[in-house]
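Undergrad: Below, each chain spelled out in residue letters.
Number of protein chains: 2
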Amino acid sequence: MKIAVDAMGGDNAPKVIVEGVERARDERKDLEFILYGDEQQVRPLLKSDERITLVHTTEQIEGDEHPVKAIRSKKQASMVLAAQAVKNGEADAIFSAGSTGALLAAGLFIVGRIRGVDRPGLMPTMPSMGDNPAFVMLDVGANADNRARQLQQYAIMGNLYAKDILGYANPRIGLLNNGTEATKGDELHQEAHKLLAGTEGINFIGNVESSGMLGGAADVIVTDGFTGNAALKATEGASRTILHELKHTILNSGIKGKLGGLLLRDGIKQVVAKFDASRYGGAVLLGLKSPVIKAHGAADSRAVYYTILQIAKLIDNGTVNKFVDYFSTHDMAAEQGKTDEN
Amino acid sequence: MKIAVDAMGGDNAPKVIVEGVERARDERKDLEFILYGDEQQVRPLLKSDERITLVHTTEQIEGDEHPVKAIRSKKQASMVLAAQAVKNGEADAIFSAGSTGALLAAGLFIVGRIRGVDRPGLMPTMPSMGDNPAFVMLDVGANADNRARQLQQYAIMGNLYAKDILGYANPRIGLLNNGTEATKGDELHQEAHKLLAGTEGINFIGNVESSGMLGGAADVIVTDGFTGNAALKATEGASRTILHELKHTILNSGIKGKLGGLLLRDGIKQVVAKFDASRYGGAVLLGLKSPVIKAHGAADSRAVYYTILQIAKLIDNGTVNKFVDYFSTHDMAAEQGKTDEN
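As given, the protein sequences belong to chains A and B, one line each in that order.
Counting in full-length UniProt numbering, the first sequence runs from 1 upward without gaps.
Counting in full-length UniProt numbering, the second sequence runs from 1 upward without gaps.
Treat the hints as calculated values from the structure; they're not laboratory data.
This one's a predicted model, so the numbers in the text were calculated from it and none came from an experiment.
Just to be clear, a hint being listed does not mean it is correct.
One copy or any two copies: either way a pair holds, since identical chains are not told apart in the list.
As the list claims (entries may be wrong) - With a cut-off of at most 25 Å between alpha-carbon atoms, the simulated BS3-like pairs for lysine-lysine come out as follows:
| hint | residue 1 | residue 2 |
| --- | --- | --- |
| 1 | 258 | 247 |
| 2 | 256 | 47 |
| 3 | 184 | 69 |
| 4 | 269 | 258 |
| 5 | 74 | 184 |
| 6 | 194 | 69 |
| 7 | 87 | 75 |
| 8 | 74 | 163 |
| 9 | 289 | 194 |
| 10 | 47 | 2 |
| 11 | 163 | 194 |
| 12 | 269 | 2 |
| 13 | 322 | 258 |
| 14 | 69 | 87 |
| 15 | 256 | 269 |
| 16 | 258 | 274 |
| 17 | 163 | 322 |
| 18 | 269 | 247 |
| 19 | 289 | 75 |
| 20 | 247 | 274 |
| 21 | 2 | 74 |
Can you build the whole structure from these sequences, using the hints too?
TA: Here it is as structure tokens:
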């Protein structure tokens, strides 16, 4: 299998991208890569070009560009070339740590949507302190607005992903809402609740609140992109702020505190590791015809490596084809007596 | 000044309510209380009835009742009687740790809205690790749906509150959004951004993301009730989960870890105290004609005490009257060329 890699996207590109790719390449003999990037920068970083093809380009999409315009005007951008390779069948999946908006645009306009999916959803894997080690959540920001039937599509894809990639036999699907009672929420979430409760083949456990996310309230948290973005960023921000304050306090609490910190170092490392999402890989843009995966902009080589492993599993398992199969045999609009698109 | 207290609301009522009230009463000679609750339960808890009038009632609103129906049918419920006392001018403010929905209903239908405020917003005070020690945020769930001009009203009230109660000279007002750029968000948040940018007398700093909440991104975070609820609960849930895991790890990391925990005890206590919101009191329902304050259902006597002090300050400063004055001299609908209500 072959992965198209945007070597220039992300805060620490191309260095960490090349390092992560090479680590995965050295471990997995079945992996091949096409790296799109500036040859002058990328070539010197490569230990070897075994199973790595380097395609030179100097064009690149910046974080502050308008995603759709950038995709359309910068035909030689590393991200655009990677997407083009997947569209042309030269590669099986896209990796990028670049702009999420641009990657979504490249996914939509170059790779294309799965028929039956209105809007792709961005789905990270997060650590859970519940019975299962992790949960997925979508959409966390590919969309600023979602409709109820899009949330239903997210539930279906999230369910298949949790089974296929996380290995959960019967993932618990929860709807992120402002209370657990079935009647809670605004119109969108009340309608989504009804749709999910009536969807066959998923284990819908009802509404969940964002307070329970890290505690394992659900294996798949279904949410609109605006709320999901706020809940995810609040979780990340709170975790970061607390761990930072803890570190700061230990370093500034005199000899006694420092000694305590030293003795507790392993324990604190364990806690930090437990809340580290990067070992689960990147965020998947679910609903596109091929796997399109976004690593965090601040990803280090380890995060890149884990994301490559995640992509390999997605390709191996043919997970995206399972989405395609599902939506080609379930005309959800017709089932719901609706014919509206988008 | 006199505070009407729902002695029966909350998980640990009436015990912690009475304890908190008495502590505040003993410290502040200018405070008087009317406690509404079951005399058989409340009377034995009272150390003294100095400046405390106990009004007996056995009716009570449960958390799972429909708020509006409960308020209308249970005329003798402790919360309803407290609201009635404020409406009749017998008391200056309401304290309750009971159902938020019911308290909102009691506020709306008994106390009444300030003219010019479409929908009251629920506003907690949260600790901040930024330059200022705390920030406020509204609405965090009084509404499942909000309109842009309601967010503008929240900005105005939050601004006055942050000046009057937190003592910030020029509070930084931020709009919670899915990115910092002015064009970010769905239609509601794009419109709210424009309204806030055009509102005189507030220091609008633009969009803020929920990742920056605890870090001090803004002094007043303006948000719709659905998103605010998700961001607040995610923050609370992540903080709780991390501190729990840390404690669990220390207790299970052998002699070395336990010793480290012992040495670090003061430091960890400091961190926990830094993230403790209860010293700032309860959540205020802004937009009602009198102060209506909700303590956390799980509040202990210390949280009740701090909430009483917060209420005393609100009464002392006449903060609610400043809201009334503002909205009576600013016809915001007319200023914006709009005449629609709600």
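Undergrad: Now tell me, hint by hint, if it's right for this structure.
TA: Going down the list of hints, with the structure as the test:
{"no.": "1", "hint": "258 - 247", "result": "both (10 Å within a copy, 18 Å between copies)"}
{"no.": "2", "hint": "256 - 47", "result": "neither (46 Å within a copy, 42 Å between copies)"}
{"no.": "3", "hint": "184 - 69", "result": "between (39 Å within a copy, 16 Å between copies)"}
{"no.": "4", "hint": "269 - 258", "result": "both (15 Å within a copy, 15 Å between copies)"}
{"no.": "5", "hint": "74 - 184", "result": "between (45 Å within a copy, 23 Å between copies)"}
{"no.": "6", "hint": "194 - 69", "result": "between (38 Å within a copy, 24 Å between copies)"}
{"no.": "7", "hint": "87 - 75", "result": "within (14 Å within a copy, 67 Å between copies)"}
{"no.": "8", "hint": "74 - 163", "result": "neither (38 Å within a copy, 49 Å between copies)"}
{"no.": "9", "hint": "289 - 194", "result": "neither (28 Å within a copy, 38 Å between copies)"}
{"no.": "10", "hint": "47 - 2", "result": "within (19 Å within a copy, 76 Å between copies)"}
{"no.": "11", "hint": "163 - 194", "result": "within (23 Å within a copy, 44 Å between copies)"}
{"no.": "12", "hint": "269 - 2", "result": "neither (35 Å within a copy, 51 Å between copies)"}
{"no.": "13", "hint": "322 - 258", "result": "neither (53 Å within a copy, 49 Å between copies)"}
{"no.": "14", "hint": "69 - 87", "result": "within (19 Å within a copy, 58 Å between copies)"}
{"no.": "15", "hint": "256 - 269", "result": "both (19 Å within a copy, 14 Å between copies)"}
{"no.": "16", "hint": "258 - 274", "result": "both (23 Å within a copy, 19 Å between copies)"}
{"no.": "17", "hint": "163 - 322", "result": "within (11 Å within a copy, 56 Å between copies)"}
{"no.": "18", "hint": "269 - 247", "result": "both (11 Å within a copy, 13 Å between copies)"}
{"no.": "19", "hint": "289 - 75", "result": "within (20 Å within a copy, 60 Å between copies)"}
{"no.": "20", "hint": "247 - 274", "result": "both (16 Å within a copy, 14 Å between copies)"}
{"no.": "21", "hint": "2 - 74", "result": "within (24 Å within a copy, 68 Å between copies)"}
Of the numbered hints listed earlier, those contradicted by the structure are 2, 8, 9, 12 and 13.
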